[in-house]
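**Student:** Sequence:
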Amino acid sequence: MAPEPLGVSHLKNKDDSDEEKDVNYSWTSAPYHAVGRRFSPLVVALVGLPARGKTVLAHKLQRFLSWKGHSVRVFSVSNYRRKHIELYNSHDLFRADNKEAYEIRKQSAREAMEDTSDWLKSHGDIAILDGTNVTEEARSHVNDYFVKKYGFRIMFVECVCDDEYIISQNIKDILQFSKDYEEMSSEKALDDLLRKIEHYMDVYETINKKSEAQYSYIKFFNAGEEVSMNKINGPGLGDIVTFISNFKPQSKTLYFSRHGESENNVLGKIGGDADLSPRGATYATALAKHMNDASIANLRVWTSHKKRTIQTAQNIIAPKEHLAALDELDAGVCEGLTYEEMQEKYPQEFAWRDQDKLRYRYPWGESYIDIMNRLEQVILELERDENLLVISHQAVLRCILGYFLDKNLDELPYINVPLHTIIKLTTEGYKCRLEFIKLNVECVDTYRKQPKTISTSRTTEEALKTVPYHLEELNDLWNLMKDSPLTSDLFKP
Numbered sequence: 001m002a003p004e005p006l007g008v009s010h011l012k013n014k015d016d017s018d019e020e021k022d023v024n025y026s027w028t029s030a031p032y033h034a035v036g037r038r039f040s041p042l043v044v045a046l047v048g049l050p051a052r053g054k055t056v057l058a059h060k061l062q063r064f065l066s067w068k069g070h071s072v073r074v075f076s077v078s079n080y081r082r083k084h085i086e087l088y089n090s091h092d093l094f095r096a097d098n099k100e101a102y103e104i105r106k107q108s109a110r111e112a113m114e115d116t117s118d119w120l121k122s123h124g125d126i127a128i129l130d131g132t133n134v135t136e137e138a139r140s141h142v143n144d145y146f147v148k149k150y151g152f153r154i155m156f157v158e159c160v161c162d163d164e165y166i167i168s169q170n171i172k173d174i175l176q177f178s179k180d181y182e183e184m185s186s187e188k189a190l191d192d193l194l195r196k197i198e199h200y201m202d203v204y205e206t207i208n209k210k211s212e213a214q215y216s217y218i219k220f221f222n223a224g225e226e227v228s229m230n231k232i233n234g235p236g237l238g239d240i241v242t243f244i245s246n247f248k249p250q251s252k253t254l255y256f257s258r259h260g261e262s263e264n265n266v267l268g269k270i271g272g273d274a275d276l277s278p279r280g281a282t283y284a285t286a287l288a289k290h291m292n293d294a295s296i297a298n299l300r301v302w303t304s305h306k307k308r309t310i311q312t313a314q315n316i317i318a319p320k321e322h323l324a325a326l327d328e329l330d331a332g333v334c335e336g337l338t339y340e341e342m343q344e345k346y347p348q349e350f351a352w353r354d355q356d357k358l359r360y361r362y363p364w365g366e367s368y369i370d371i372m373n374r375l376e377q378v379i380l381e382l383e384r385d386e387n388l389l390v391i392s393h394q395a396v397l398r399c400i401l402g403y404f405l406d407k408n409l410d411e412l413p414y415i416n417v418p419l420h421t422i423i424k425l426t427t428e429g430y431k432c433r434l435e436f437i438k439l440n441v442e443c444v445d446t447y448r449k450q451p452k453t454i455s456t457s458r459t460t461e462e463a464l465k466t467v468p469y470h471l472e473e474l475n476d477l478w479n480l481m482k483d484s485p486l487t488s489d490l491f492k493p
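FYI, the numbering for the sequence shown is 1 to 493, going by UniProt numbering.
Calculated from the structure, these hints are not laboratory results. All values derive from a computational prediction rather than experimental measurement. Just to be clear, a hint being listed does not mean it is correct.
[Unchecked claim] Straight line, CA to CA, 25 Å or less: simulated PhoX-like cross-link-like pairs of lysine-lysine: (1) 407 / 252; (2) 438 / 307; (3) 83 / 99; (4) 424 / 289; (5) 219 / 231; (6) 438 / 320; (7) 68 / 121; (8) 179 / 121; (9) 172 / 424; (10) 148 / 106.
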């Protein structure tokens, strides 16, 4: 079986771990004296008025915690309410004096909480309850249900906002993406949402630091302008605080690119610190022209410490930083080898890597998990910033794009990140949209699918079946360029 990196056992499915099964508590009932279990599942309950960014925060927090290896799920009270009222047609549903509607909303919250507790008892580490919880009474009820009844831990996260611009942007997002307003005219939807907010404001009680001092909570003001917290301790809470302290919910655009084709890419070699090939240098020129012509305001460029990324960025007119965290996966004893050479020298290692590419660590090298660990600060900065161009490497960009796309961790090592392509990522609420801009410069294809046969007893032919084509000598590249319509003019006298 493949050796696994230290510190990644939390990434395994819980059903695969006998040790984890042995320490599971029985959550069928938990008397009040059970309160305070430091390692029990955690409920993160959102608090706040509509259009304060709760849902975006809930889903982005879920994405970050999942990427960190936690088992996390969001339970949205609104989704349960929609099961009872399929076609939303009026803000009257949220009036405090509407008793019938109040019972529907109360039932919806109860069903969300029941599903949350059922999931935590059988599957999860952290559940995020996306609701309003705008009164002390509501928060007390949520606390009693999860803490006193089941012995779970709870932390409230309140989104507070009095910045009119931020609120207006949140309202635009709700009107664009919420299912409640799909069938309404824009004018009616805006009026309805504003009235809904007024109904909640009539009863809203912010978390009180005196009467609710017993709770763990975070207050998130004006989309990150200020963060305050109370009684933050215990497993998992540090990751939550780290994310919320760095989170900026505004829409943004980020750009990503691998370095131009390198000499090692041409030869099919793993890792190393090679220079760009002639075609890679051509891509660097084309990339610079594309980005410079785009005149992106306040554009900044991040590269790794490797020569091929620095050379790719050199003609772009923008401030540049070189980050070790963006360096390519260290292949250890396999640095500079082709896949064919790796199969010849280390066939067992080659098979182990194909069996579990996410967790496999090269001897004296790294795994994808190691890359994810060193990328945490980069990810947090990307959550804060915009108009960034990140020029890095295949494995690193797989981890970053996998994060933003909320991919299953085992999918990360197989995301296709082609050479000579700009990837434009635009955030839309808590979702992301990708645009691939292929520049007209030829290059090798370095993508390798997982082979069907991954056992250590496989044949060489089976092991190398999905290895991409590469050249044997750099001189062969010049012959290809002479024959290519894209580069043949370079060789004319």
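**Student:** Below or equal to 25 Å on CA atoms is what counts here, so check residue 172 against residue 424.
**Tutor:** holds (23 Å)
**Student:** Can the restraint linking residue 148 and residue 106 be considered satisfied, given a maximum Cα separation of 25 Å?
**Tutor:** Roughly 19 Å separates the two Cα atoms, so the pair holds.
**Student:** Take a quick look at whether residue 438 and residue 307 sit within 25 Å of each other, Cα to Cα.
**Tutor:** Holds. Residue 438 to residue 307 sits at ~22 Å (cutoff 25 Å).
**Student:** Quick one, are residue 424 and residue 289 close enough, alpha carbons at most 25 Å?
**Tutor:** holds (16 Å)
**Student:** When you check the alpha-carbon spacing of residue 219 and residue 231, does it fall within 25 Å?
**Tutor:** Status holds; Cα separation ~12 Å.
**Student:** Holds or violated: are the alpha carbons of residue 438 and residue 320 at most 25 Å from each other?
**Tutor:** holds (23 Å)
**Student:** Does residue 252 lie within 25 Å of residue 407 when you go C-alpha to C-alpha?
**Tutor:** holds (20 Å)
**Student:** Would the pair residue 83 and residue 99 pass a check requiring their Cα atoms to be no farther apart than 25 Å?
**Tutor:** holds (19 Å)
**Student:** Hinted pair, alpha-carbon criterion (25 Å max): residue 68, residue 121. Please report holds or violated.
**Tutor:** Between residue 68 and residue 121 the Cα gap is close to 21 Å, so the pair holds against 25 Å.
**Student:** With a cut-off of 25 Å on the C-alpha distance, tell me whether residue 179 and residue 121 pass.
**Tutor:** With a Cα-Cα distance of about 30 Å, the restraint between residue 179 and residue 121 is violated, given a limit of 25 Å.
Comparing the model with each numbered hint stated earlier shows that hint 8 is the single one that does not hold.
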